[in-house]
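Peer 1: Listed below are the residues making up each chain.
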Amino acid sequence: AQTVTQSQPEMSVQEAETVTLSCTYDTSESDYYLFWYKQPPSRQMILVIRQEAYKQQNATENRFSVNFQKAAKSFSLKISDSQLGDAAMYFCAYRRAGNNRKLIWGLGTSLAVNP
Amino acid sequence: DAGVTQSPTHLIKTRGQQVTLRCSPISGHKSVSWYQQVLGQGPQFIFQYYEKEERGRGNFPDRFSARQFPNYSSELNVNALLLGDSALYLCASTLGGSSYNEQFFGPGTRLTVL
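In order, the protein sequences belong to chains A and B. At position 30 of the first sequence (counting the first as 1) the number is 30 in this note's numbering, and the numbers step up by one without a gap. At position 72 of the second sequence (counting the first as 1) the number is 72 in this note's numbering, and the numbers step up by one without a gap.
If you are wondering where the hints come from, they were derived from the structure by calculation, not from laboratory data. C-beta atoms are modelled at their ideal positions from N, C-alpha and C, and glycine is treated no differently. Worth double-checking, as some hints may not be accurate.
Claimed, not checked - To give an idea of the chain B side of the interface with chain A (calculated C-beta under 8 Å), a few residues:
| no. | residue |
| --- | --- |
| 1 | G28 |
| 2 | G56 |
| 3 | S98 |
Unchecked claim - From the derived model, a few chain A residues whose C-beta atoms are all more than 12 Å from chain B:
| no. | residue |
| --- | --- |
| 4 | P9 |
| 5 | M11 |
| 6 | V13 |
| 7 | S42 |
| 8 | Q56 |
| 9 | N58 |
| 10 | A71 |
| 11 | S76 |
| 12 | L84 |
| 13 | A97 |
My request is simple: use the sequences and hints to build the entire structure.
Peer 2: Structure below.
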């Protein structure tokens, strides 16, 4: 069975600094997708970034980038130039490729941004 | 365009009661998934529907059921409520059934069972 592990329950960062959130996963599949979602206190889950396992190039979305290490089954999220609005729960999620596949989630990392 | 909507926002029930949660997907989206998020944990998959057919079911008891209507909206029903059913219930809609498609989430329904 696939699992997703986030080993950092809480993290904090100073405004304008860089922070990295860790995620590891376990799967025997070779084709899959990895996601980072953000859930602010307002509860709406928002997709931050997505990585296709068959792509070697790390995904980047503005201040957000990932370090995808397929062999190590590691998928970390780097947030550069942190802003107060980045404060939220961050969830790492896995989805096997194909149709009608469920998302498998980690427990989340609570990120605080200090002014 | 409107995003995924869910109703009600909050709900308080007592043990043994039944509850129905509703979800309207983004216009044009044909797939709806339901997740249960207990406080302090990540979401857990409950159901996925695509084109009005159940396409996936998580490890939840038969007290949980769902359906998708011709307009692609969906209902999640939970019978014989237990205290442990207290959680945030999230609905997500997807354009199609492919894993590549982004899931868009609604704001959730906060269910409290007393």
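Peer 1: Are all beta-carbon distances from A/A97 to chain B longer than 12 Å?
Peer 2: A/A97 not clear of chain B: closest Cβ-Cβ about 5 Å, inside 12 Å.
Peer 1: Mind checking the CB of B/G56 against every CB in chain A and telling me if the closest is under 8 Å?
Peer 2: holds (5 Å)
Peer 1: Is the Cβ of A/M11 more than 12 Å away from each Cβ in chain B?
Peer 2: Given that every Cβ of chain B is farther than 12 Å from that of A/M11, nearest at about 16 Å, it holds.
Peer 1: With d taken as the least Cβ-Cβ distance between A/S42 and chain B, does d exceed 12 Å?
Peer 2: violated (7 Å)
Peer 1: Would you say A/L84 is clear of chain B, with no C-beta pair closer than or equal to 12 Å?
Peer 2: holds (21 Å)
Peer 1: Classify the label on A/Q56 as holds or violated, using whether its beta-carbon is more than 12 Å from each beta-carbon of chain B.
Peer 2: Nearest chain B Cβ is 17 Å from A/Q56, so the label holds.
Peer 1: Find the nearest Cβ of chain B to the Cβ of A/A71 and say whether that gap is larger than 12 Å.
Peer 2: holds (21 Å)
Peer 1: Just want to verify: A/P9 was marked as not at the interface with chain B; is every Cβ pair farther apart than 12 Å?
Peer 2: violated (9 Å)
Peer 1: When you look at the beta carbon of A/S76, is every beta carbon of chain B farther off than 12 Å?
Peer 2: holds (17 Å)
Peer 1: Just want to verify: A/V13 was marked as not at the interface with chain B; is every Cβ pair farther apart than 12 Å?
Peer 2: Label holds. Min Cβ-Cβ 21 Å, cutoff 12 Å.
Peer 1: The hint names B/G28 as touching chain A; please verify it with the least Cβ-Cβ distance against 8 Å.
Peer 2: With a closest approach of 18 Å, the B/G28 hint is violated.
Peer 1: Over 12 Å to the closest beta carbon of chain B is the bar; see if A/N58 clears it.
Peer 2: holds (18 Å)
Hints 1, 4, 7 and 13 from the earlier list are contradicted by this structure; the remaining hints agree with it.
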